[in-house]
Amino acid sequence: MAKHETPFLDELENGPWPSFVSDLKQQAEVRAKNEKGVEFQIPQDCVDDLLGVVELSYKHGRTHWKHGGIVGVFGYGGGVIGRYCDQPKLFPGVEHFHTMRVNQPCGKYYSTEYLRQLTELWDFRGSGVTNMHGATGDIILLGTTTPQLEEVFWTLTHDFGQDLGGSGSNLRTPADCLGQSRCEYSCYDTSALCHFLTNEYQDELHRPAFPYKFKFKFDGCPNCCVASIARSDMSFIGTWKDDIRIDQDAVNKYVEKDPAYPANAGAHKGRDWGPFDIKKEVLDLCPTHCMKFENKKLTINTEHCTRCMHCINVMPRALKIGKETGLSILCGAKAPILDGAQMGSLLVPFVEVNADNDYEAITEIIENIWDWWMEEGKNRERLGELIMRQGFQKLLEVTGIEAQPQHVAYPRTNPYIFWKEDEVPGGWERDVDEYRKHHLR
Amino acid sequence: MAFISTGYNPAKPMENRITDIGPKDYHDFYPPVIANNKGKWSHHEILEPGVLVHVGDSGDEVYTVRVGGCRLMSTSHINEICDIADKHCDGYVRFTTRNNIEFMVDSKDKVEPLKNDLASRKFAGGSNKFPIGGTGAGVTNIVHTQGWIHCHTPATDASGTVKATMDTLFDDFQQMRLPAQLRVSMACCLNMCGAVHCSDIAILGYHRKPPMLDHEYLDKVCEIPLAVAACPTAAIKPSKQTLANGTEVKSVEVKNERCMYCGNCYTMCPSMPLADTEGDGIVLMAGGKVSNRISDPKFSKVVVAFLPNEMPRWPSMTDAIKKIVNAYSNGANKYERLGDWAERIGWEKFFSACELDFTHHLIDDFRQQAYMSWRQTTNFKF
Numbered sequence: 010m011a012k013h014e015t016p017f018l019d020e021l022e023n024g025p026w027p028s029f030v031s032d033l034k035q036q037a038e039v040r041a042k043n044e045k046g047v048e049f050q051i052p053q054d055c056v057d058d059l060l061g062v063v064e065l066s067y068k069h070g071r072t073h074w075k076h077g078g079i080v081g082v083f084g085y086g087g088g089v090i091g092r093y094c095d096q097p098k099l100f101p102g103v104e105h106f107h108t109m110r111v112n113q114p115c116g117k118y119y120s121t122e123y124l125r126q127l128t129e130l131w132d133f134r135g136s137g138v139t140n141m142h143g144a145t146g147d148i149i150l151l152g153t154t155t156p157q158l159e160e161v162f163w164t165l166t167h168d169f170g171q172d173l174g175g176s177g178s179n180l181r182t183p184a185d186c187l188g189q190s191r192c193e194y195s196c197y198d199t200s201a202l203c204h205f206l207t208n209e210y211q212d213e214l215h216r217p218a219f220p221y222k223f224k225f226k227f228d229g230c231p232n233c234c235v236a237s238i239a240r241s242d243m244s245f246i247g248t249w250k251d252d253i254r255i256d257q258d259a260v261n262k263y264v265e266k267d268p269a270y271p272a273n274a275g276a277h278k279g280r281d282w283g284p285f286d287i288k289k290e291v292l293d294l295c296p297t298h299c300m301k302f303e304n305k306k307l308t309i310n311t312e313h314c315t316r317c318m319h320c321i322n323v324m325p326r327a328l329k330i331g332k333e334t335g336l337s338i339l340c341g342a343k344a345p346i347l348d349g350a351q352m353g354s355l356l357v358p359f360v361e362v363n364a365d366n367d368y369e370a371i372t373e374i375i376e377n378i379w380d381w382w383m384e385e386g387k388n389r390e391r392l393g394e395l396i397m398r399q400g401f402q403k404l405l406e407v408t409g410i411e412a413q414p415q416h417v418a419y420p421r422t423n424p425y426i427f428w429k430e431d432e433v434p435g436g437w438e439r440d441v442d443e444y445r446k447h448h449l450r
Numbered sequence: 360m361a362f363i364s365t366g367y368n369p370a371k372p373m374e375n376r377i378t379d380i381g382p383k384d385y386h387d388f389y390p391p392v393i394a395n396n397k398g399k400w401s402h403h404e405i406l407e408p409g410v411l412v413h414v415g416d417s418g419d420e421v422y423t424v425r426v427g428g429c430r431l432m433s434t435s436h437i438n439e440i441c442d443i444a445d446k447h448c449d450g451y452v453r454f455t456t457r458n459n460i461e462f463m464v465d466s467k468d469k470v471e472p473l474k475n476d477l478a479s480r481k482f483a484g485g486s487n488k489f490p491i492g493g494t495g496a497g498v499t500n501i502v503h504t505q506g507w508i509h510c511h512t513p514a515t516d517a518s519g520t521v522k523a524t525m526d527t528l529f530d531d532f533q534q535m536r537l538p539a540q541l542r543v544s545m546a547c548c549l550n551m552c553g554a555v556h557c558s559d560i561a562i563l564g565y566h567r568k569p570p571m572l573d574h575e576y577l578d579k580v581c582e583i584p585l586a587v588a589a590c591p592t593a594a595i596k597p598s599k600q601t602l603a604n605g606t607e608v609k610s611v612e613v614k615n616e617r618c619m620y621c622g623n624c625y626t627m628c629p630s631m632p633l634a635d636t637e638g639d640g641i642v643l644m645a646g647g648k649v650s651n652r653i654s655d656p657k658f659s660k661v662v663v664a665f666l667p668n669e670m671p672r673w674p675s676m677t678d679a680i681k682k683i684v685n686a687y688s689n690g691a692n693k694y695e696r697l698g699d700w701a702e703r704i705g706w707e708k709f710f711s712a713c714e715l716d717f718t719h720h721l722i723d724d725f726r727q728q729a730y731m732s733w734r735q736t737t738n739f740k741f
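Protein chains in written order, with the numbering used here: chain A, 10 to 450; chain B, 360 to 741.
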């Protein structure tokens, strides 16, 4: 028998998509029966009360969580999101309902042994409710009380070798696409770089020292499966410099409609789009029209290719990324608050990804940007907004990067151009009397 | 409920504390076929909705079965995922960047038993626990936020709107009949945690009333300059207020006609709540993307200025989404993302094709960038 009636939420048990309500009800029941004999460290009926408070929100059309909440573990300035219910008498099981962010492994691969350790801990010391995963990447343990925070952290670090993720004005938990682990497009080992930088910058992740939050994301190619270009202050996107590798026999297999060579790896199998047409589906859609198919031979004018991935995506068995690989760095992506949404802007067109020297070329750029933003960034000003306020040129200056046409979608249209004084012969110190000798008043 | 200590000593909190160890090493979690072929994959194919095969240069194959996950999940559900992974996948599983779950096996004959097992599992209420799909040119999982489950600033619920939408679009999760993949995302306020600003279709929680001011407490709990600086339209200024008992307190004043209800002042100041039953609801956006394929990444644009919160199933919202998906599916060319289609036919035709009203709310009026969104040409369609 459920603790609270939930007529609104009950409606969300219908339909084919997995129902979070059914899952929460199942969890409430598991806790009520407690067949495993867990010595619950937070109220046994917390999931019932979670359903109750959400039902009340469905009735009111308003949230029932109090503003904010500052809790955590000693030594760190973030990692835990405090939360308190605004109706604690009605729902004592969720009076405290803090979230712990747990740093996920790169690529989000798991062994069941590890996941079971985690669920056992969370059943014991938390609500047994999670998010798999938070939008930034963390494993989210949703709902526990303040006294349990240090205990959970102790078990995570001592028994699991596992740390918390980030929150607050710091480096947040980095995340990557699955990269070379299971994708032939990946231009570098996203997981290796993500893991290295997460460990390299643990201090910046756990102890807020920045003007505001800062995110890293790592995409293996311009398809952007982890959306780094939109969702990270520094976006690392794999690319290559040399030719796309073409297997002409395989190209002709696509053209001949060999069933083992479906266009776009079969992504459009659910509708009849007609027979594959290399001209219509590849050549004519190439954004730079740098491809030709003549006499059963595909050629690509590499000089004009912008590596958008379309032809490779359409014919993955015939076209491969180049061999001279690296990544591009784009900066400044953010959501609208305060001055409007931004996507990452291209800062470094190409940089090598070299694990042997601890990614020196990449860490240097990161640290130059941090030095600048930490000094100049205003309170709660994202990197993208600092770039807007002080100018893209300033970003180039602090990173020691020469301006190049690749840095713009188009050159400025207004002529409000600043010059540095030393760029102008004679400087700015002038004598108006000298001027008047030649130009009478 | 006796407190059980791990060994942590609150009297000596820094003793035996372990810090800065970071995430677990991903190498510990790779299935053998992944570890053996990493960086040496030749190609892949989507065999059917939800089922992928990757072929290594070595000839090794890995078959992936992708299933929907509702992101908010219990340990019971995770344990069930583990049971499946133990039974079929040698104890390995992964999650995607859109919170789907992927089970991998290293030979084709293991795929059918896995699929049958997944498809057979239902929740007590009847919904699928592990619907197979989310690949290719279809609809995949909805990236979403906390909503009324856990957040203090939402204008709508995340899990509920997502469940209602995924039920409506469920056929397209299990099919690949669209012109290109269609990414739907959801955020319960315009902080836009997640991907609302860059998705094909986006659901956004929105307020329509300025904050209430809890003058008695404001100066006690808020850093007033931060609340002032939090406003993108400079609608907030410091002020002195006289309470009913005659006490004069420091507080703020909000110029209501300059407020567009973003809620950022409430994020900074607990004495400025703004949630409201009738005022709050949904904005729909469309046409964003993050990939660089053919066209550049795009921001999503506001296409429906307001739909009411209609708990528990948000029918006006799901109807509008269905109309957009249908019009896109019927109108777009192969490989065209929703935003590519809308830009090709022109947004005026997007609104007629989707049968959506165009209202003054959709015209940008935020600073200099607004001008760039108006039409400086005679090229338009009637």
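No wet-lab data here; the hints were simulated from the structure.
There may be inaccurate statements among the hints.
Here are the simulated lysine to aspartate or glutamate pairs, EDC-like style, with alpha carbons at most 20 Å apart [stated by the list, open to error]: (1) Lys68/A to Asp635/B; (2) Lys75/A to Glu48/A; (3) Lys403/A to Glu430/A; (4) Lys693/B to Glu376/A; (5) Lys332/A to Asp416/B; (6) Lys329/A to Asp416/B; (7) Lys403/A to Glu438/A; (8) Lys481/B to Asp380/A; (9) Lys262/A to Asp476/B; (10) Lys45/A to Glu439/B; (11) Lys68/A to Glu20/A; (12) Lys75/A to Asp416/B; (13) Lys75/A to Asp419/B; (14) Lys399/B to Glu333/A; (15) Lys329/A to Asp419/B; (16) Lys42/A to Glu439/B; (17) Lys222/A to Asp380/A; (18) Lys262/A to Glu404/B; (19) Lys371/B to Glu129/A; (20) Lys75/A to Glu439/B; (21) Lys399/B to Asp256/A; (22) Lys481/B to Glu38/A; (23) Lys329/A to Glu420/B; (24) Lys266/A to Asp384/B; (25) Lys222/A to Asp379/B; (26) Lys660/B to Asp256/A; (27) Lys387/A to Glu439/B; (28) Lys481/B to Glu20/A; (29) Lys614/B to Asp635/B; (30) Lys399/B to Asp251/A; (31) Lys68/A to Glu407/B; (32) Lys596/B to Asp380/A; (33) Lys446/B to Asp256/A; (34) Lys446/B to Asp416/B; (35) Lys75/A to Glu575/B; (36) Lys693/B to Asp281/A; (37) Lys329/A to Asp573/B; (38) Lys75/A to Asp442/B; (39) Lys45/A to Glu407/B; (40) Lys266/A to Glu404/B.
Now the hints, each set against the structure:
1. Lys68/A to Asp635/B: holds, 12 Å
2. Lys75/A to Glu48/A: violated, 28 Å
3. Lys403/A to Glu430/A: It holds: about 16 Å lies between the C-alpha atoms, which stays within 20 Å.
4. Lys693/B to Glu376/A: violated, 43 Å
5. Lys332/A to Asp416/B: Roughly 15 Å separates the two Cα atoms, so the pair holds.
6. Lys329/A to Asp416/B: Holds, at about 13 Å.
7. Lys403/A to Glu438/A: This hinted pair is violated, its Cα atoms lying about 24 Å apart.
8. Lys481/B to Asp380/A: Not satisfied, since the Cα-Cα distance of roughly 53 Å exceeds 20 Å.
9. Lys262/A to Asp476/B: violated, 36 Å
10. Lys45/A to Glu439/B: Judged against 20 Å, a Cα distance of about 15 Å means the pair holds.
11. Lys68/A to Glu20/A: holds, 13 Å
12. Lys75/A to Asp416/B: With Cα atoms ~55 Å apart, Lys75/A and Asp416/B exceed 20 Å; violated.
13. Lys75/A to Asp419/B: violated, 53 Å
14. Lys399/B to Glu333/A: Cα-Cα ~15 Å, so holds.
15. Lys329/A to Asp419/B: At roughly 18 Å apart (the allowed maximum being 20 Å), Asp419/B and Lys329/A satisfy the hint.
16. Lys42/A to Glu439/B: holds, 17 Å
17. Lys222/A to Asp380/A: holds, 15 Å
18. Lys262/A to Glu404/B: holds, 15 Å
19. Lys371/B to Glu129/A: Violated, because 27 Å separates the two Cα atoms, which is more than 20 Å.
20. Lys75/A to Glu439/B: violated, 33 Å
21. Lys399/B to Asp256/A: holds, 17 Å
22. Lys481/B to Glu38/A: holds, 16 Å
23. Lys329/A to Glu420/B: OK: Lys329/A and Glu420/B at ~18 Å, within 20 Å.
24. Lys266/A to Asp384/B: violated, 43 Å
25. Lys222/A to Asp379/B: holds, 18 Å
26. Lys660/B to Asp256/A: Given pair Lys660/B, Asp256/A is violated - Cα atoms ~40 Å apart, limit 20 Å.
27. Lys387/A to Glu439/B: violated, 47 Å
28. Lys481/B to Glu20/A: holds, 16 Å
29. Lys614/B to Asp635/B: holds, 19 Å
30. Lys399/B to Asp251/A: holds, 19 Å
31. Lys68/A to Glu407/B: violated, 41 Å
32. Lys596/B to Asp380/A: At roughly 33 Å apart (the allowed maximum being 20 Å), Asp380/A and Lys596/B break the hint.
33. Lys446/B to Asp256/A: It is violated: about 39 Å lies between the C-alpha atoms, which goes past 20 Å.
34. Lys446/B to Asp416/B: violated, 28 Å
35. Lys75/A to Glu575/B: Distance of about 17 Å is within 20 Å: holds.
36. Lys693/B to Asp281/A: Distance ~10 Å between Lys693/B and Asp281/A Cα, so the pair holds.
37. Lys329/A to Asp573/B: With Cα atoms ~61 Å apart, Lys329/A and Asp573/B exceed 20 Å; violated.
38. Lys75/A to Asp442/B: With a Cα-Cα distance of about 37 Å, the restraint between Lys75/A and Asp442/B is violated, given a limit of 20 Å.
39. Lys45/A to Glu407/B: Violated. Lys45/A to Glu407/B sits at ~40 Å, over the 20 Å cutoff.
40. Lys266/A to Glu404/B: holds, 15 Å
The structure fails hints 2, 4, 7, 8, 9, 12, 13, 19, 20, 24, 26, 27, 31, 32, 33, 34, 37, 38 and 39 (numbered hints given earlier, in ascending order).
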